[in-house]
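Participant: The residues making up each chain are set out below.
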Amino acid sequence: MISIQTEDFDLGTEYQLLRQAAGDAGAIVTFSGLVREIYDSEQSSGEKIATLYLEHYPGMTEKSLQLIADQAGRKWSLLATRIIHRVGSLKPKDQIVYVGTASAHREDAFAAAQFIMDYLKTNAPFWKKQSSNTDSHWVESRQADSAAIERWQENSND
Amino acid sequence: MISIQTEDFDLGTEYQLLRQAAGDAGAIVTFSGLVREIYDSEQSSGEKIATLYLEHYPGMTEKSLQLIADQAGRKWSLLATRIIHRVGSLKPKDQIVYVGTASAHREDAFAAAQFIMDYLKTNAPFWKKQSSNTDSHWVESRQADSAAIERWQENSND
Amino acid sequence: MLTIHYFASIRESLEKNQEQLELPVSVTTIDELIAHLVALNPHFKTVVANNNKLLVAVNQTVVDRSFALSKNDEVAFFPPMTGG
Amino acid sequence: MLTIHYFASIRESLEKNQEQLELPVSVTTIDELIAHLVALNPHFKTVVANNNKLLVAVNQTVVDRSFALSKNDEVAFFPPMTGG
Numbered sequence: 010m011i012s013i014q015t016e017d018f019d020l021g022t023e024y025q026l027l028r029q030a031a032g033d034a035g036a037i038v039t040f041s042g043l044v045r046e047i048y049d050s051e052q053s054s055g056e057k058i059a060t061l062y063l064e065h066y067p068g069m070t071e072k073s074l075q076l077i078a079d080q081a082g083r084k085w086s087l088l089a090t091r092i093i094h095r096v097g098s099l100k101p102k103d104q105i106v107y108v109g110t111a112s113a114h115r116e117d118a119f120a121a122a123q124f125i126m127d128y129l130k131t132n133a134p135f136w137k138k139q140s141s142n143t144d145s146h147w148v149e150s151r152q153a154d155s156a157a158i159e160r161w162q163e164n165s166n167d
Numbered sequence: 010m011i012s013i014q015t016e017d018f019d020l021g022t023e024y025q026l027l028r029q030a031a032g033d034a035g036a037i038v039t040f041s042g043l044v045r046e047i048y049d050s051e052q053s054s055g056e057k058i059a060t061l062y063l064e065h066y067p068g069m070t071e072k073s074l075q076l077i078a079d080q081a082g083r084k085w086s087l088l089a090t091r092i093i094h095r096v097g098s099l100k101p102k103d104q105i106v107y108v109g110t111a112s113a114h115r116e117d118a119f120a121a122a123q124f125i126m127d128y129l130k131t132n133a134p135f136w137k138k139q140s141s142n143t144d145s146h147w148v149e150s151r152q153a154d155s156a157a158i159e160r161w162q163e164n165s166n167d
Numbered sequence: 008m009l010t011i012h013y014f015a016s017i018r019e020s021l022e023k024n025q026e027q028l029e030l031p032v033s034v035t036t037i038d039e040l041i042a043h044l045v046a047l048n049p050h051f052k053t054v055v056a057n058n059n060k061l062l063v064a065v066n067q068t069v070v071d072r073s074f075a076l077s078k079n080d081e082v083a084f085f086p087p088m089t090g091g
Numbered sequence: 008m009l010t011i012h013y014f015a016s017i018r019e020s021l022e023k024n025q026e027q028l029e030l031p032v033s034v035t036t037i038d039e040l041i042a043h044l045v046a047l048n049p050h051f052k053t054v055v056a057n058n059n060k061l062l063v064a065v066n067q068t069v070v071d072r073s074f075a076l077s078k079n080d081e082v083a084f085f086p087p088m089t090g091g
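Protein chains in written order, with this note's numbering: chain A, 10 to 167; chain B, 10 to 167; chain C, 8 to 91; chain D, 8 to 91.
Treat the hints with care, since some could be wrong.
Said to hold, decoys possible - In silico lysine-lysine, DSS-like type, Cα no more than 25 Å apart, as pairs:
#, chain 1, residue 1, chain 2, residue 2
1, B, 138, D, 52
2, C, 78, A, 72
3, D, 60, B, 138
4, A, 138, C, 60
5, D, 23, B, 57
6, A, 138, A, 84
7, D, 23, B, 138
8, D, 52, B, 72
9, A, 138, A, 57
10, A, 72, C, 60
11, D, 60, D, 23
12, A, 72, C, 23
13, D, 60, B, 72
Said to hold, decoys possible - Just so you have them, the derived chain C footprint on chain A, three or more residues with Cβ under 8 Å:
#, segment
14, 16–30
15, 97–105
16, 137–149
In short, the hints are calculated from the structure, not lab data.
Values in this document were obtained by computation on a predicted structure and should not be read as measured data.
Don't be surprised by glycine CBs; every beta carbon is placed ideally from N, CA and C.
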């Protein structure tokens, strides 16, 4: 299930829902992404963030996250998958994104969660704008994020 | 922090404690291992488990888990790490093990959680005995678990 | 009617979220659409046409600039994604 | 005194958790300790000595069978670990 929302989420509640939905799972992996106060990007080393604004493309966002989840479901044996992404105005230490995966074995749950996060970063239409007390600018995409998805493509002929 | 306990744990609570301890984390990964009702090992394909008994070596268990956590802390930039492993008598769907890792970036949090689980499986003195309604035997170690730690060793000269 | 959406830094620079446009018969690809939008609004060139990192989606799927447009397509222009 | 712990299937087969033993002067390695325990208890041989997957820890660290023992060591015999 996929949710795009302005509200916060409770990881404990989400974990228990995933656990119930997963049936006879042996492994559950959760990932949560948080707003960092000091964002060490190439543009702004050491800048202290006051707010982070998240814009998205309604419709395409849900569609692209569903596509990523479906791809993960074809590559690994998953019993349940959950993605939540927040949009709007966030503050340091706020939760931004949650991915939960359940599987019989830990290898699949870990790989799928990581795959979903890697593709979400580069293929789902979200954009971050960060504001300090003095400045405001759109976050540039990380080279490391484009590189991260390449290793999944190398494995696509397995 | 490392705990060996008979009591269950609450993942939501553990996550919030890790989040508080982690300071300016950007990524938190949690892993939880659950007792599967149908355990598809080489010994017992499709057998339905009634209880799972977990034995351990007090003293050595804590020591070996601390060693694994310390190794992870040298390999990756971690802001907080937590391991809980239950012992004693468990039932299907019960939680067995929890690993939580927090880092500035997702790559480190994912890799460290996976590394800790891989080493925990083969290097921490826990033993599982499973009982169905008709039979009872000690679980044999999985070949896949020994293989899992090899990839970390290949990377040790990075 | 073509619907064109703009997001993030592109939206801010153009000072609009979206616009609607009758697709001229001479415009069949994204590249030709960009040339057409530049002709209508020279500012579009500095914001969009020169940006080689610009992404384009048609009907909510990212496409390349040779993609063939249909008259009721939903087109979107945006910078590389930075979610998560 | 040497303290010897047994765990899991080894513990069950030997029907004991642990025992204490004065280390004979002739015993300096794990291999020699196993031979000594077999001499004391022939059942030990079928349970432990023939098991090439058997692990041995000294003072709570896994060691190989050529490891040199000291007289007050804590020794443990157990099968491969299956936690997690």
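Participant: For each hint given before, does the structure comply? Return the numbers of the non-compliant ones in rising order.
Facilitator: The structure conflicts with hints 5, 6, 8, 14, 15, although it agrees with all the remaining ones.
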